[in-house]
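**Student:** So the protein sequences, as listed, match chains A and B. So the first sequence is numbered by numbering that gives the first Met the number 0: it starts at 0 and just counts up by one. So the second sequence is numbered by numbering that gives the first Met the number 0: it starts at 0 and just counts up by one.
No wet-lab data here; the hints were simulated from the structure. The reader is advised that the hints may include incorrect statements.
Said to hold, decoys possible - Straight-line alpha carbon distances no greater than 30 Å define the calculated DSBU-like cross-link-like pairs of lysine-lysine that follow:
id, chain 1, residue 1, chain 2, residue 2
1, A, K46, B, K274
2, A, K46, B, K90
3, A, K46, A, K170
4, A, K115, B, K90
Quick caveat: nothing in here was measured; it's all calculated off a predicted structure.
Listed below, chain by chain, are the residues.
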Amino acid sequence: MSSIDVSGLTVRYSDVLALDDVSLTVEPGRVTGLIGMNGSGKSTLFKTIIGLVRPTSGHVRLEGADPAYARRRGLIGYVPQSEDVDWTFPVSVRDVVMMGRYGLQGPLRRARAADKHAVDEALERVELTDLAERQIGQLSGGQRKRAFVARGIAQGAGILLLDEPFAGVDKRSEATIVRLLRELAASGDTVLVSTHDLHALPSLADEAVLLLRRVLFHGSVTEALEPRNLARAFGLESDPESEGSS
Amino acid sequence: MIWDWILEPLQYDFMVRALITTTIAAVVCAVLSCWLVLVGWSLMGDAVSHAVLPGVVLAYIFGAPFALGALVFGLLAVGLIGLIRGTSRVKEDAAIGIVFTTLFALGLVLISVTPSQTDLNHIIFGNILGVSEGDLLQIGILAAVAFGVLIVKRRDLTLYAFDPTHAFAIGLSPRMLGALLLGVLALTSVVALQVVGVVLVVAMLIIPGATAYLLTDRFGRMLVIAPVMSALCSVIGIYLSYWIDAASGGLVVVVQGCVFALVYLFSPRQGVIGKRLRRRLPASVAA
């Protein structure tokens with residue numbers, strides 16, 4: 000049973016075709032890189048996997064079940080793009096990680112000993128224990144990403160979706176995040192990472208998917224990085240369906 | 000003597016009721032305002048608090064509870080705004096402007112054709128000095144409900160304000176949480192319009208949260224700072240109105256605005272001047 004199973008997914012926003020008949024299976028225990036330029040449908044694919052965007056046709060199964068079931072069970076950990084987060088929001092790093100536990104708590108979301116323990120462990124895992132009481136915006140770009148990954152760890156999410164985790168992140172933090180994601184995959188998690196940062200790819204991912212509204216390629220990272228494949232994914236080669244769009 | 004200044008107005012029952020009502024309204028508005036400013040719903044607060052007017056007038060005409068009319072029209076306004084934004088090319092700010100002014104105007108028309116106008120004009124400008132014991136009871140109950148809902152759901156509402164996608168991904172419903180916040184907004188508008196009137200309710204729904212936001216990086220502390228500051232400002236406003244014989248609703252808001260201005264300038268972390276003092280930069284460089 001594959002962890003993420005997407006078949007025949009088409010998403011159309013009024014007159015814009017965001018995803019066109021996308022079929023994709025993502026296996027647990029591996030890091031899968033989702034490569035595509037801006038506007039290629041990476042974020043839309045994530046939102047459709049979570050269930051936030053309703054597909055025009057096709058369907059998504061997460062660990063063999065309906066996405067609504069996966070959400071209630073807390074299977075999905077989502078690390079948003081930097082520009083989707085209000086970094087001036089008055090929450091601490093610890094508060095953010097604790098939000099990963101909400102689905103497991105009672106209606107008042109009162110933190111029990113087990114919740115505090117899970118949060119402490121997750122913070123330690125991403126090496127943010129010392130910065131736990133900082134306001135979230137007072138972290139560097141890479142630390143911010145690690146805080147959100149810690150939220151997914153505290154949640155116990157088996158499926159981690161990361162939207163452009165390397166944007167605005169320095170090289171050292173990037174290496175730390177890569178190591179962390181590799182560890183999570185090694186412990187059996189499913190890790191799907193969207194990025195247009197190609198040089199991080201070989202050390203990060205076990206396999207790569209090239210997306211330009213359709214799945215152009217799905218296979219080994221080495222092959223994905225071959226110029227003829229990249230040219231298609233980044234629209235450098237004429238593709239009748241991508242003409243007229245940027 | 001300062002004690003005379005404080006105690007003399009308390010001889011009058013209407014002043015005691017005014018102070019109690021104002022404090023209740025100030026606290027519940029301030030707590031709600033912490034979320035409104037962070038979600039970016041200040042304009043929505045403005046819209047809903049104005050749009051409840053026809054609902055309150057109709058409730059008066061049919062002898063129904065004000066809160067019911069306010070709730071219906073508050074939610075109607077939000078629904079209409081969403082409908083216009085979603086089904087036409089008109090953007091959200093314009094949709095808000097169209098809907099709330101039209102509903103507010105409808106309220107004015109209803110007031111003009113309803114007998115006993117003096118009573119209803121108080122809804123627009125507030126009538127804190129004329130609060131009866133029955134009014135106080137109604138305000139107390141509504142405020143308790145709004146306050147209770149906010150405090151019980153505070154963590155979910157904060158998550159909704161910070162990261163609605165995560166809320167959705169762990170099986171919560173951002174749509175329900177947004178609706179809850181709007182429902183509380185409509186209820187709170189009814190509480191506050193007794194104090195400052197429909198026109199100025201929005202001030203009590205924005206200023207305290209915005210002021211607290213400039214003073215702390217912890218949401219939990221905002222939830223304490225905002226109501227304390229708002230209650231103090233409101234009590235000071237009522238006293239000032241007694242001693243200088245000026246509009247009480249207006250003074251409550253003016254005092255809150257002044258405190259915001261001071262915090263904006265001198266807050267240690269976020270204040271325009273406070274930040275510079277903190278860095279100990281010479282004034283000439285700071286310019």
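**Student:** Are there hints from earlier that the structure breaks, and if so, what are their numbers?
**Tutor:** Numbers 1, 4, in rising order.
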